Structure formats: structure tokens, C-alpha cells
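**Student:** Chains as they are written, first to last, in the working numbering: chain W, -6 to 328; chain L, -6 to 328; chain R, -6 to 328; chain Y, -6 to 328.
Treat the hints with care, since some could be wrong.
[As the list claims (entries may be wrong)] The list that follows gives simulated cross-link-like pairs (lysine-lysine, DSS-like), each with its CA atoms no further than 30 Å apart:
{"no.": "1", "chain 1": "R", "residue 1": "K326", "chain 2": "L", "residue 2": "K111"}
{"no.": "2", "chain 1": "Y", "residue 1": "K111", "chain 2": "R", "residue 2": "K298"}
{"no.": "3", "chain 1": "W", "residue 1": "K326", "chain 2": "Y", "residue 2": "K111"}
{"no.": "4", "chain 1": "R", "residue 1": "K326", "chain 2": "R", "residue 2": "K82"}
{"no.": "5", "chain 1": "L", "residue 1": "K320", "chain 2": "W", "residue 2": "K137"}
{"no.": "6", "chain 1": "R", "residue 1": "K298", "chain 2": "L", "residue 2": "K320"}
{"no.": "7", "chain 1": "R", "residue 1": "K138", "chain 2": "R", "residue 2": "K298"}
{"no.": "8", "chain 1": "R", "residue 1": "K13", "chain 2": "W", "residue 2": "K13"}
{"no.": "9", "chain 1": "R", "residue 1": "K138", "chain 2": "R", "residue 2": "K165"}
{"no.": "10", "chain 1": "L", "residue 1": "K13", "chain 2": "L", "residue 2": "K82"}
{"no.": "11", "chain 1": "L", "residue 1": "K13", "chain 2": "Y", "residue 2": "K111"}
{"no.": "12", "chain 1": "Y", "residue 1": "K70", "chain 2": "Y", "residue 2": "K13"}
Just so you know, these hints were derived from the structure itself, not from any lab. Predicted model only: the values in this text are computed from it and were never measured.
4 protein chains.
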Amino acid sequence: MLVVMDKDATQAQIDAVVAKIESLGYVAQPIPGGERVAIGILRNPGPVDPALFLDMPGVTQAIPVSKPYKLVSREMKREDTVISFPGFKLGRGHFVVMAGPCAIESEFQALTIARLVKAAGAQFFRGGAFKPRTSPYSYQGLGKKGLEILKKVREETGLLIITEAVDQDSLKLVEQYADIIQIGTRNMQNYTLLRRAGHSGKPVLLKRGMYATLDEWLMAAEYIMSEGNHQVILCERGIRSFGEHARNLLDLAIIPAVRRESHLPIIVDPSHASGRRDLVPPLARAAVAAGCDGLLIEVHHEPEKALSDGAQSLYPDQFGQLMQDLKTLRPGKWF
Amino acid sequence: MLVVMDKDATQAQIDAVVAKIESLGYVAQPIPGGERVAIGILRNPGPVDPALFLDMPGVTQAIPVSKPYKLVSREMKREDTVISFPGFKLGRGHFVVMAGPCAIESEFQALTIARLVKAAGAQFFRGGAFKPRTSPYSYQGLGKKGLEILKKVREETGLLIITEAVDQDSLKLVEQYADIIQIGTRNMQNYTLLRRAGHSGKPVLLKRGMYATLDEWLMAAEYIMSEGNHQVILCERGIRSFGEHARNLLDLAIIPAVRRESHLPIIVDPSHASGRRDLVPPLARAAVAAGCDGLLIEVHHEPEKALSDGAQSLYPDQFGQLMQDLKTLRPGKWF
Amino acid sequence: MLVVMDKDATQAQIDAVVAKIESLGYVAQPIPGGERVAIGILRNPGPVDPALFLDMPGVTQAIPVSKPYKLVSREMKREDTVISFPGFKLGRGHFVVMAGPCAIESEFQALTIARLVKAAGAQFFRGGAFKPRTSPYSYQGLGKKGLEILKKVREETGLLIITEAVDQDSLKLVEQYADIIQIGTRNMQNYTLLRRAGHSGKPVLLKRGMYATLDEWLMAAEYIMSEGNHQVILCERGIRSFGEHARNLLDLAIIPAVRRESHLPIIVDPSHASGRRDLVPPLARAAVAAGCDGLLIEVHHEPEKALSDGAQSLYPDQFGQLMQDLKTLRPGKWF
Amino acid sequence: MLVVMDKDATQAQIDAVVAKIESLGYVAQPIPGGERVAIGILRNPGPVDPALFLDMPGVTQAIPVSKPYKLVSREMKREDTVISFPGFKLGRGHFVVMAGPCAIESEFQALTIARLVKAAGAQFFRGGAFKPRTSPYSYQGLGKKGLEILKKVREETGLLIITEAVDQDSLKLVEQYADIIQIGTRNMQNYTLLRRAGHSGKPVLLKRGMYATLDEWLMAAEYIMSEGNHQVILCERGIRSFGEHARNLLDLAIIPAVRRESHLPIIVDPSHASGRRDLVPPLARAAVAAGCDGLLIEVHHEPEKALSDGAQSLYPDQFGQLMQDLKTLRPGKWF
């Protein structure tokens, strides 16, 4: 923490800040500048609240100089995290594709799509059994029956499974069926759910909140890791912005920014980011070229009949073409 | 839903859209325009997914023309909702002030502040026993012990109690102790929590998500109401924006916009919106002049020692001055 | 500037930063912390570019600790600026209302509206002769003929005149006719126009850009002041955000934030901020209660026939009612 | 325009809307729906102002269904625009790279960098002679002397020149020296400048405003085209958002969205979008994979000594590596 004083702060005001710092048990180090004085706070065991100084007479700014996160940070662990699955890995150059419908609607639907995405080269099947929907009147998913269908998909196709948990009860079920537990954008700061995921033995995919800064997102991952589960995968899925040409604004700069700050793998969901099928392939290609570790893509064999998010689901042949196109973009090599 | 065609859409393309609409069991009504054709969808029982049409050849736009919410809407209930408490009311001109610390830290702290805000004229005491914090290492609240303290505050001061529930377990406790259950901004779309609150007999204060549109917010209220609890109070607390002079951006235009769309009461939290003590009184005054039904304000007798959010807590004398100032602003009369 | 090092930065890396600072002619002061070292830069005559350090090995952050503005700052001039007009003042408690149509359409229209707003208590007549419009096909204003009409309005009603200049040529005309030169949101960083306004003898009202931070806005005012014209009035008019219930998002927290940083007066335009007539009175009242120095409001006697922005123009009787309501809100007293 | 009525609008209210539409000389077509009535407006020669209906009793929404732009639209011209330069083209699969420093500082600096970017494969040299800077005290560029240097760069290296014009005077000079006239983000709605650029014989690169929607950006291009200059190149450079990990938020979804709406070529500037050197190569690669027609990149041989924006300038070897990497990404082939 650095406390910056007004240009014409008095010595008494400076002394008061020093005394306050020392009363908190820290060390104060005044730094006389050309125009103004700043006072560094040393020996503080954790973050210091700027609030403690902002209203003292003569104080202009209180600037934190330490990052709030620990376990997620690259300072703590220099090497990229790699997560192992039967037969393949994710992270540090190991690239995966997760594809499937927004919601599991029936065994026939799930198996049909799973076989198509498997044939096109995906490693994971995605599909929601528990759906967080903006409207209480929208389709909410098949629940446990959907998980049973996902189990069958894995048995029949060999695809691994990623599916969303929306609360503690559904997480308890999901962790029994899925290979990755997904936590959605609306639950990024549902701390009870994050802590519970931190006690799971399964990897957790944590979507970025629509309003979340990089720090807030990493702190949400810190919640999971602080409970003991270090297998966290970050997933960028677009943030809220003012544009009308896409549902959300995909923020690809976060990929290299995450790599700088954290050792965790990061994948991208271009389907929810855009909300429009025609934007998905260009954004998927862009995400790969920006250096992500994987993609999460919605595919449906009959999107026009999908019970949710049909407009952003690729047709199987579009997905097949995209998988072909991705090969030329050197997935997993760009960092 | 209105499906708008390209300027040079062919008759075959128009026919295909009509056929699609009819295959869904709705009625299609083409509207020949000067430049292009639009096709209205009639007799649909609920919202129609724009996705169903957006990718058909010749289609340019698919525009929903119905609002997605029902129980919250003023179309459904013309008259403003009023919520009754022992001795006073909230809504339709009945104005209330809820004040207290961010977090309950001790019985002494809570009672000290409660007596001060009671003396200044507040009707409710606010204070968190369960705190959703960005960092897992930050102070998380006293839990049930905090609720016991709140109970004592009510007994000793007569103030009613509002406090936050963060999951199903804490809600079960909170509803036994509080007069209003608060659901925080991070949980605005925690649907499991919303549904559970919908089964409570206590009024629910629903804070706006940092990224939420008016429609999304009202749909979250609809979740609560659709389970049977019609006592919902909306609370604007600022949204995420790019400015650096305040923590969030208080959106006072939402007050008249809510009144136009919904019958629910709306109050304002200027403390979280600003994050800076010096901004709280001007924003509180502004909220009253804009016509809100109440205020939720952080007050602490020693903000510089507060365990959370001290920088935005008013000193007791600032709060007293604010309460005096508010009287001249005709609270509860501006709509 | 404070250069913050990695937790495990080497002494050689620290030395390199010190050497770089000294090579630039400044003084380096390392501040050993608990976890990491930070290095203060002293004796720099102006702002230092963070770029100079961000890519050096071992450097994590480079934090500017000085504000970039000078003439606009309260550090430079403690006392609020007051601008004098014939018969009244603006700023430091002197409150004014500027009202009129978006665009001057005819002498009849202008005089009709001017008499109405004068009767209701406005001091200034507003109306555009040069209109910056999103579409090249929209009504662009009457130009010099519009200015002649404004001159007549002043002669006949005694109202002072505020009108917009959009480039150097129009500014040259506007400054001959108007009492305040308005610079619009789209031109907030049109530096050629700002510099030209800095050479004018007339006060300048500078609207905030839709994307502008407080610092960027004050720096735009600094452009005007640095050329010699110190009569600058800031005008908040809403920023771009994601909400759909209002055209822009009115940021009233900027009022106290401006007062903290700057001595310049600040007024509010609730009409452009909302874009909807029904939102204008609540936002106007809120702006007054937040402590602004004046209002800029669109009024039209026949808004449904207005050539631009009719939807946000108040009817004369609405404006009259608003002016009555404002009196109870203590305009000019809230800071 | 579609005027949507309240669910319980009366027949008299519907009749009033119909009468209003007819009084404006248009044709009204009521569309009875399941829940409510909507009224289409036909035969209107241009856009209709929603304002005309929004405040009529019983009206809920007024939805425009036509796009406001004409010359820029793909409906008007189906085929992608290609712009020809001596020896190569831009657009419809013809990919170009424009590289160089933010500001021209000296002949030595310009020639040094130009030779390096030429050797790496760039077709254009970029460099500002007129610099729009946030602070009046920052380096403002060499002006005409800078243009003379750019002329020399072209003579010595064969690179074509792109440089920014900030007002009418500088545009008059720039069009004599440059092969492309750049209009910056702050001037995207400087209509006087846009109209003047519309009279130039040189192609114009129009950067997106930091707050601009797709429609506003295309309307700005429409200003240029409506004056007769159809050689417009769009340039995405990031928009304002809340994130702190990059200066602006690069919006790559706008590339396919522009292609859907318009025939104009679109390039991307990853340097200004990120503000940080380490983010530039990943974003440049991503932009190519998303299907842009070219890149505008800052390169400096000594970024740490650059007079502006050094932190985002690539070192020459980084640029060389990027140019190598781009080749594998099939520039110009992704649409």
C-alpha cells in the first residue's frame, strides 16, 4: 500500500498517517517526492484496506501494490498447470475441444450429437442437465435423468463429460457423473458453490462472470483452490458491453493476461460470447490464435428445434469444418 | 415476435418463414412494407426464440415484442405493491431508511451503531452475518452468532432487521431472525437461492446484479414471485462501468423505469454504489429526489476500524446530517 | 511514479530500474517491502510514461501517483470558479437553468418556447443552430440563420443564449451570438476545437464524452484553459452503458467527484442522458439534490413535431411543474 | 417502425396511433396478436422517430425495423469493396500490414523503423505527424515536417504511407502526402472532418470510436461516402470497458458483424486496443484468424525512448516474428 499525500499536505498530516500505520502494527516509510510525499506501508501480512487512509486529512490516494491472490498466481507457481484425463491432457500446449448441445433433451439427441462431435475430433461432450435460465418459465433441464444420459454418452462414445452444477445438491450429483464440473457465469461469485467445488476430486471449469475483472475471476478460482482442489480451468465466455451485434463481448486479451498472472489453463466459449451462429467460427479461430488451451462449443443436429440457445449452436457440418480449420491454426502452440 | 426480411428477400424465402411459423403451431401474418416485408407471429402462448428464424435465408432480424415477465409487471398488477411491517409500511409513498454496518462484528458494535441510527430516524438496522467477500481470506462474518446479535438489536432498539442470506442454509437461519431477507448483487441470478426465497414468508430485498439489465433484474424477481412470495423489494446498488471515481455506477434512471414496468417498490444503496464515504450523501439525496421508496446506507461508529467496507461507511454524525437533509427532499412523494 | 518489482526480482533487476530512472535525470528511491521492493521516482518535472519500465525484467507494475491536470485542479485553485453573466452568476451556489429545444427550427418555434421557459424561470435559452447528427441524412440545423433567431430571442425575452459549435468555422460565428459556447459530447476530444475555444472570450460549456473518465474530461477542460480561457463549465450528460431502459447512463457520482478534484462548475443534462421524456424530471431533481450548479433541459411546445430528439423534450407544462418542484430541493445549496 | 400497444390498450388508443401515422402521410397496418396489438408503419420514405409514438396513451414500444445506413450497406452493394494501391490491393482476400511508430520523431527514427518493417514484409508505413493527445502538455507531433519525413520514407523504401488528420487543415496537408488518410477514434463523429474526408481523392481509414455501436460506426462511414468518397476502410481498435488488464477491449466479433452488414474492408489495430506490448502478438494473430483484411501495428526500434505509446510498440524482432507467425494463419482467407 502506498499512501499519497496532497501537494500541500502539512507535516502534521503526514505524521498522522505515519502514526496510523504504526498503530496497525506495520512499518511506515515516507518517500519525499518532487511535488508531494508518499508513504509506503511495509511488513503488512496481507492486503491493507485503502479505506483506512482515504479520509485522513491531506491524503489523496491509497494505492494497493500487492495482488490479492496467492494460489492461483504465477508468482506462487511458475509452471503452467496441466490437468490429466484418461488418454490426454489439458494445458501447457495440450489443446482440447468440448462440444455438444446447450441442454440435454433426450438420449437420442445426446447420442446423435455426441457421435457427430466425436467423429469431428472433440474430446469432451458438453450438455446441461441443470440449466440456469433467465426466466423461471424457460426449460430448466432434465436433472438427474440428464446425467444418466451423459453417462451413457461416455460409455457409448468414449467422450469425456463436462456439465454444469448450479448448487450444492446438483454438484453432488454432477461430480459423480462428470469428468469436469462446470460453474457458470452467473455463479462465478456463488461462494458456497465455489467452496463446495473446492472439496471435489473432479476438475472444475470456472466461467468468467459477465462483469468480472481479471482479479475478481482469479479470486473466485482462489476460493476453489483454497479448499484443496487445484484442478481449475478458467473459461472466458464474453462480458457485458454496450454493443448490439453480439450478445456479449469476447475478451481475448484476457488469455495472455491470465498467462502472465496465473498458471491455470484457460479455454474459450465462443458460443455464449456471441449468441449468433455466424460469429462462432471466426471467434473460435481467433481464440485459438490468441493462445487458449481449448474451446467449449455448442453443436446441435437440429438447432432450430433446440430447447435453449439454438441460435448460437453450430450445425454438425459447420462444426466439422471448424475442426478442420482449427488444425491450421496451431492450437496449443501459441504461448 | 416480428421477423423482418431482407430488402430483396424472395417470395420463396418469405413463404418458408410463414411455413416455419405455422409448423410451430402459431399464426403468421406478413406485413408488406415500403422497402421490405415483416412477418408477425401471433397466437404464441409464450416467448418465441429468435434463434428459430435468424438463420433462415432472407431473414434480417427477429424482434420480440412481448416482455418476458408476468407477475412483476405493472400490466399484471396496476397498483404499487406496499409491504407492511409492524408500525409502518414500505412502498407507494411510504419511505424507509435501513442503516447499519456492512458486517456485524460484535454485540457492542451492533448495539452502539443501532442506537445511533435509531436516534437519527432509521426504521431498519442492516448488518451482515454472512458476508460474500471477493477474497476467501477476507472476513466472512459471524454467522449464526451474528444473527443472535441482530435479534438482540431488535429487542433493545425496536429497529427491524435486514440481513443477507448467501445460500439455502443461511437463508433458513436468516428468515427466522430477520424482517427482510437480503439477496446480494452476486446472487441475483442464483436461481436455487431465489426459488428458496420464494418459499419464505418474509419479504425479500433483491439487489440488482452488477451487469443486469432491467429485464434480467425483473426476471430474477419473477423467480421469487413465481414460487409464491410476492413481497419483493428491488434495490439498485450501482452497476459495473469504466469510471474510476466511484466503485460502481449508480443508475438512478432505473427508478422511474422500474415504476413504469413494475409495481414493486425500489430502494437505493448509495454506499456500495460509490465505495467512497464522500459520495454517499449526495447520491442518497439524489436517489430520494429521483423517487425511490427507501435507502440502504452503511453507518459505522468507527469506520476506520471496520472489518469490511469501512471506506464507504458514514460516521454517525454524517448520517444524522443526511437524515436531516433528506426531510427537505420530500421522500416518498416523488412519483 | 512507483515501479513495483516481482516478489522474486533479483538485485540486478532492481539495480537496472534504478539505473534507468537515473539515466532519465530523475531520482530513484527503492522502498524495501515485506514481500517485494518498490522504487519511487522523484524529481520528475512532469508525468513519467509507465511504458518506460513495464517491460523491464522483474517489473510488475508502474503506478503514476500524480494527477495529469493542472489548471483545472483544486490543488491549483482551492476556490470554486464562479462565472458572471449580466444580472446573475453560475457556480459556488449560484444555480441556473438552461432550457429550450434541441434544434432551432424557426423564429416562431424559438420565440414560442423561449417565452414559455422564461415564464417558468429559466435564465438561458438553449437551441442548436449547428447539429451534430449520427446520420448525414438527418436534420443538420439552420446554421447562421439559426443564430440570428437566437439573437432575436435574446432581444425579445432577455434570456441569455447557449448554443453549440461543431468546428472552427461555426465557433467563430457562435461566439459572436452566444453567451455560452457549447462543445458537444462527440467533440470532447476534438482538440483543434478545444484550443480554438480556449482563445474565445466567451464561457465554454464542455459536455462529457460518452466514454470519458473523469481524468479525460478534466484534461479536455485543461486544453481550453491552457489556451487562456478559464471560463469553463462542465456538463454531465450520461455515458454509454449496457442498459436498455435509458439512452445513456447518467453518472451523478461525478458531481461530488468533480468538486473534489476541480474548482470548475458542473451542470447536468438529463434530457440527453435519458432520451425519454418520462425520465427527465426524476433525473433533473436527482441532479439538483446531488449538488450540481445548473441544468440543461430540452423543452418543446410540440415535441411530437420536433425535427430532432422530440422524445426527450418536455412539454411546457411539464417543465413548469419541474421548475416548481426544483425549488423545494435547494438548488445550489448542496455542497 | 412497429408500434407495440399495451396488453389492455383500448380501441380508442389504437385508433389514435393509426390516425397519427396517417397524419404523417404513412400507411398504418394494425397486427392483432395473441396478447396485444402492434401497428406497422409502411410507406415511410426514411426512418421514423420513435419519439412520435412513445408517449401516446397505450403505447409500450416503438421498434425501428430498418437499418439507418445506405451506401455502406451490403444490401446496397453485395460485393466486397476492394481498394487498389500501386502494386497491391486491400479487401476481399487481399491482406495488408501497416506498421511503424506511433509518432514520427525524426527522419532517422522514421527511416530506421521503416526499413525494418519493410524487411519484415509490411506494405504500409504508419506514423503520426499530427497527434491527438489526451493532455495538452504531451508531445503533439512534428506537423508538416513529419509529413516531409513520411514522403522521404516512401521514396527510400517504397512503402506506402498512412497518417492521421485531426482537422480540416491537417487533412488538406495529409491528403497531399499520404496514401491513406487516417481518422482517429476521437474524431469518429467529428462530422466536419468526415465530410471533408468525403471530398478527398484518397482512401480513408476510419477508426471505431471507443463508445461506438456498429450502427454508429457505419453511419460515420456513411458521412464520408455520402460526400462521394467510397474508398473507406474500417479499423477496429478496441472499445472502452471496465477491465484493467488491457487499455481497451478489442471486439473481434465486429469483424464478421461488419461483413454481414457492409461491403467495406475492415482491419484491426491491436496496439491501441491493448496498450501493452505483450498483448499485441496474440491479439494480432487472433484478428487475422477472425478474418480481418489487414493489421495496423506499432513498431519502434527503441520503444523505451518513444515520445508516445512506447509501452505498446513492438520491438523490431517481435514484429518480425509476428509477421512469420501470421503466414501460418492464412491472412485474407477467412471469410
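**Student:** Could you run down the list of hints and mark each one as holding or not?
**Tutor:** Evaluation of the provided hints:
1. As the CA atoms of K326/R and K111/L are separated by approximately 27 Å, the hinted pair is consistent with the 30 Å bound.
2. Between K111/Y and K298/R the alpha-carbon distance is near 58 Å, which puts this suggested pair outside the 30 Å criterion.
3. Between K326/W and K111/Y the CA atoms are separated by roughly 27 Å; this keeps the pair inside 30 Å, and the hint holds.
4. Of the pairs offered as hints, the one joining K326/R and K82/R holds, with about 14 Å between alpha carbons and a cut-off of 30 Å not exceeded.
5. With a C-alpha separation of about 55 Å, the suggested pair K320/L and K137/W falls outside the 30 Å cut-off, and the hint is violated.
6. Taking the CA atoms of K298/R and K320/L, the gap is near 40 Å; set against the 30 Å cutoff, the hint is violated.
7. Between K138/R and K298/R the CA atoms are separated by roughly 20 Å; this keeps the pair inside 30 Å, and the hint holds.
8. The straight-line distance between the Cα atoms of K13/R and K13/W is roughly 34 Å, outside the 30 Å bound, and the hint therefore fails.
9. For a cut-off of 30 Å, the pair hint linking K138/R to K165/R stands: about 14 Å separates their Cα positions.
10. About 51 Å separates the Cα atoms of K13/L and K82/L, which puts this hinted pair outside 30 Å; it is violated.
11. Between K13/L and K111/Y the alpha-carbon distance is near 55 Å, which puts this suggested pair outside the 30 Å criterion.
12. Simply put, K70/Y and K13/Y have alpha-carbon atoms about 35 Å apart, too far for the 30 Å limit, and the pair is violated.
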